[in-house]
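K.L.:
In case you want the letters, here they are:
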Amino acid sequence: MSVLVFAENWDGKFKKQTCELVTYARQMADMLGFPVTVVSIGNVTDEELKTLSRYGADRIVKISGEQYKILDNQSCTSAIAQVAEKEQAGVIILAHNNTGKALAPRLSVRLKAGLASGVSSLPASRDNFVVRRKVFSGKAFAAVRISSEKKILTLSQNSFGISEAPKESMVVSFTPKPDRTGIQTEVRDVQKQAGKVILTDAEIVVSGGRGMKSPDNWGPLEELAGILGAALACSRPVSDEGWRPHEEHTGQTGKIIAPNLYMAFGISGAIQHLAGVSSSKCIVAVNTDKNAPIFEAADYGVVGDAHKVLPDLIREIRAARNQ
Amino acid sequence: MKILVCLSSVPDTTTKVRFRDRDRSFDAGGVQWIINPWDELALTRALELKENPAAGVQKVTVATVGTAETEPVIRKALAIGADDAYRVDAAPQDAWCVANQLAMVVGKEPFDIILAGIESSDYNGSAVGGMLSEILGIPSVSAISSLTIENNQVILNREIDGGKEVVHIPVPFVGIVQKGIAKEPRIASMRGIMTARTKPLQVLPPAAVTPMTETVEYQLPATKKACTMVDPASIGELVRLLQNEAKVL
Chain A
1 MSVLVFAENW DGKFKKQTCE LVTYARQMAD MLGFPVTVVS IGNVTDEELK TLSRYGADRI
61 VKISGEQYKI LDNQSCTSAI AQVAEKEQAG VIILAHNNTG KALAPRLSVR LKAGLASGVS
121 SLPASRDNFV VRRKVFSGKA FAAVRISSEK KILTLSQNSF GISEAPKESM VVSFTPKPDR
181 TGIQTEVRDV QKQAGKVILT DAEIVVSGGR GMKSPDNWGP LEELAGILGA ALACSRPVSD
241 EGWRPHEEHT GQTGKIIAPN LYMAFGISGA IQHLAGVSSS KCIVAVNTDK NAPIFEAADY
301 GVVGDAHKVL PDLIREIRAA RNQ
Chain B
1001 MKILVCLSSV PDTTTKVRFR DRDRSFDAGG VQWIINPWDE LALTRALELK ENPAAGVQKV
1061 TVATVGTAET EPVIRKALAI GADDAYRVDA APQDAWCVAN QLAMVVGKEP FDIILAGIES
1121 SDYNGSAVGG MLSEILGIPS VSAISSLTIE NNQVILNREI DGGKEVVHIP VPFVGIVQKG
1181 IAKEPRIASM RGIMTARTKP LQVLPPAAVT PMTETVEYQL PATKKACTMV DPASIGELVR
1241 LLQNEAKVL
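Those sequence lines, one after another, are chains A and B.
Take the first sequence: its letters are residues 1 to 323, numbered as in our numbering.
Take the second sequence: its letters are residues 1001 to 1249, numbered as in our numbering.
It cannot be assumed that every hint is accurate.
With a straight-line Cα cutoff of 25 Å, these simulated SDA-like cross-link-like pairs (lysine to any residue) come out [said to hold, decoys possible]:
hint, chain 1, residue 1, chain 2, residue 2
1, B, K1247, A, Q17
2, A, K255, B, E1237
3, A, K308, B, K1183
4, A, K69, B, Q1243
5, B, K1183, A, V190
6, B, K1224, A, A143
7, A, K308, B, E1237
8, A, K308, B, P1232
9, A, K281, B, D1122
10, A, K308, B, L1249
11, B, K1247, A, D312
12, B, K1183, A, K69
13, B, K1108, B, R1197
14, A, K213, B, K1247
15, B, K1247, A, A258
16, B, K1247, A, P215
17, A, K15, A, G229
18, A, K290, B, T1015
19, A, K192, B, E1159
20, A, K192, B, K1183
21, A, K112, B, G1137
22, A, K112, B, P1211
23, A, K255, B, P1232
24, A, K15, A, S163
25, A, K13, B, G1162
Just a sample of chain B residues kept apart from chain A, beta carbon distances all over 12 Å, derived [as the list claims (entries may be wrong)]:
hint, residue
26, D1084
27, A1095
28, G1129
29, G1137
30, N1151
31, K1199
32, P1200
33, A1207
Rather than coming from a laboratory, the hints here were simulated on the basis of the structure.
What you are looking at is a predicted structure, and each value in this text was computed from that prediction instead of being measured.
Idealized CB from N, CA, C, for every residue including glycine.
If we strip away everything but chain A, and leave its shape as in the complex, we get:
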């Protein structure tokens, strides 16, 4: 048996979340006494693949080919399922991101493997496969037992951390049998904004709410995000009003994020908003209302007008960075 990790790549490169997945898989594999196998789909160099051995991959299976340039849920499921069978995977681990959420449920059905998604802990023990996951959109946790023999997990991003456990790994190529249905989804166009920090990847997030008063007041937030290499986010009213794109909406029905630092400006902190950001390691809130619920969730608070605080904050951070 083995622990199998699906390592997604972005234009041939892995991200920190991939390293976190392999770290998690390594620790689980040590607990279960299994090796860690990584499967990669798409065009990734052997050099890049080998970087995953630093976090504990024993074996790396690469599947390449033009047909895998786009994510077709059926063909990717078929390819990963074939690797899982060949490698006798007892546990399969994917990221709890758009790709993982698309593939894990299909794999679960295909392999008759119980699925726990958005997991943030290792199993309780070797014989008691109970993992912790977020439920009620971050308002609570559930301990979930997977009773099937094979198991699938999606790991909540930035919930476990990265640690090195170097292994001598080998890279092997694998050519899956084509999926019985063939690829039916057809990607006609890809629109990407280059150079933008992706919200769910960001270590620092700068967020604005209705207290910003107008979409024309986003300049200082953008400037602050620029200095910090942060992503921009917003509260639901802001995206509902069309002040900012819905991709930036964080909260119960938007993105659920867990950055190291979340800075909320003019956000009162409705329970739905807090659900999406409460896993942040540190929360800073700036709001004119000292009774705003955001201060109950925040680590550091400033009672004041975001429009006045932002220029000071930008100046102080610049000064601190220049020292």
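Position chain B relative to chain A; hints supplied.
P.N.:
Okay, now just chain B, sitting in the frame of chain A:
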């Protein structure tokens, strides 16, 4: 074309969650139930398509897996404009069970487009739509933020990191929808509420399925320590705290 929208009945988003039975089950006492927000957006989009003659949608059906207590949520969907409904009479045990019950509904009546929200706001599994498509052996597209039909061709926008893809797909398929698919959910009119009472709602006995997962315990997050307040006149202090105490800058 015929569209099926899968609905989940969930606690209102303002609910403060509590547990009972020594933290083994959700305490539903005093909870208001609503259509899962993503499912509601999917339903809204399905109804918009039905109202546009060029899209060629003849019927919008809703389906849920739940006990009789979920009927108010189904009636709400009918009041908003769905034509008919199925309820599989079973308490949802896990995503695998729910997906199998929904597959049984599709087995009774074929649909061209099956829509499901990307997750439910209670169990956040993000699993039912994908599992359903695999059980049915049809394509699925996840994280879709727009759905249009032009000359019988379904065109979707799928969100990817830092952008989106425009995807064409043949029917039947499962569309797993997220925010952006429709702007605002609809509010039922008085007339809608009246007609909803007489719209067909079929109750089906559940298929026999064994769950693959079970929740053994719930926990509330640890309470946070009090917030450190910083004077707006000394923002430099905030920066020093973030650097030296929190070590996040």
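K.L.:
Each hint: holds or not?
P.N.:
A quick look at each hint next to the structure:
For the given pair, K1247 of chain B sits about 21 Å from Q17 of chain A by alpha-carbon distance, which is consistent with the 25 Å threshold. Taking the CA atoms of K255 of chain A and E1237 of chain B, the gap is near 31 Å; set against the 25 Å cutoff, the hint is violated. As the CA atoms of K308 of chain A and K1183 of chain B are separated by approximately 33 Å, the hinted pair breaks the 25 Å bound. At most 25 Å may separate the alpha-carbon atoms for a hinted pair to count; K69 of chain A and Q1243 of chain B exceed this at roughly 42 Å.
Pair hint K1183 of chain B plus V190 of chain A holds up; C-alpha atoms about 23 Å apart against a cutoff of 25 Å. Of the supplied pair hints, the one linking K1224 of chain B and A143 of chain A holds, its CA atoms being roughly 21 Å apart against a limit of 25 Å. Distance hint between K308 of chain A and E1237 of chain B is fulfilled; the C-alpha atoms sit about 16 Å from each other, no more than 25 Å. Taking the CA atoms of K308 of chain A and P1232 of chain B, the gap is about 9 Å. The hint holds against a cut of 25 Å.
Distance hint between K281 of chain A and D1122 of chain B is fulfilled; the C-alpha atoms sit about 23 Å from each other, no more than 25 Å. In summary, the hint linking K308 of chain A to L1249 of chain B is supported, as the alpha carbons are separated by about 21 Å, within the 25 Å threshold. For a cut-off of 25 Å, the pair hint linking K1247 of chain B to D312 of chain A stands: about 20 Å separates their Cα positions. For a cut-off of 25 Å, the pair hint linking K1183 of chain B to K69 of chain A is broken: about 32 Å separates their Cα positions.
Of the supplied pair hints, the one linking K1108 of chain B and R1197 of chain B holds, its CA atoms being roughly 23 Å apart against a limit of 25 Å. Between K213 of chain A and K1247 of chain B the CA atoms are separated by roughly 31 Å; this puts the pair beyond 25 Å, and the hint is violated. For the hint linking K1247 of chain B to A258 of chain A, the alpha-carbon distance of about 16 Å falls within 25 Å, and the restraint holds. Among the hinted pairs, K1247 of chain B with P215 of chain A is inconsistent with the structure: their alpha-carbon atoms are about 31 Å apart, more than 25 Å.
For a cut-off of 25 Å, the pair hint linking K15 of chain A to G229 of chain A stands: about 16 Å separates their Cα positions. Note on K290 of chain A and T1015 of chain B: the hinted pairing holds, with a Cα-Cα distance of about 23 Å set against a maximum of 25 Å. At roughly 10 Å between alpha-carbon atoms, K192 of chain A and E1159 of chain B fall within 25 Å of each other, so this suggested pair holds. At most 25 Å may separate the alpha-carbon atoms for a hinted pair to count; K192 of chain A and K1183 of chain B meet this at roughly 22 Å.
Under the criterion of a C-alpha separation no larger than 25 Å, the hint pairing K112 of chain A with G1137 of chain B is consistent with the structure, at around 15 Å. Distance check on the hinted pair: K112 of chain A and P1211 of chain B sit about 11 Å apart at the alpha-carbon level, within 25 Å; holds. For the given pair, K255 of chain A sits about 30 Å from P1232 of chain B by alpha-carbon distance, which is inconsistent with the 25 Å threshold. As the CA atoms of K15 of chain A and S163 of chain A are separated by approximately 14 Å, the hinted pair is consistent with the 25 Å bound.
Among the hinted pairs, K13 of chain A with G1162 of chain B is consistent with the structure: their alpha-carbon atoms are about 15 Å apart, no more than 25 Å. At roughly 27 Å from the closest C-beta of chain A, the C-beta of D1084 of chain B stays outside 12 Å, upholding its exclusion from the interface. Some Cβ of chain A comes within 12 Å of the Cβ of A1095 of chain B; the nearest lies about 7 Å off, and the non-interface call is violated. The Cβ of G1129 of chain B does not lie farther than 12 Å from every Cβ of chain A; its closest approach is about 7 Å, which violates its non-interface assignment.
The beta carbon of G1137 of chain B is not kept farther than 12 Å from every beta carbon of chain A, the shortest such distance being approximately 7 Å. Listed as a non-interface residue, N1151 of chain B keeps its Cβ farther than 12 Å from every Cβ of chain A; the least gap is roughly 14 Å. For K1199 of chain B, the condition that its CB be more than 12 Å from all CB atoms of chain A holds, with the nearest at approximately 27 Å. Listed as a non-interface residue, P1200 of chain B keeps its Cβ farther than 12 Å from every Cβ of chain A; the least gap is roughly 30 Å.
Taking the minimum C-beta to C-beta distance to chain A, about 14 Å, the non-interface status of A1207 of chain B holds against the 12 Å cut.
Checked against the numbered hints given earlier, the structure breaks hints 2, 3, 4, 12, 14, 16, 23, 27, 28, 29 and satisfies all the rest.
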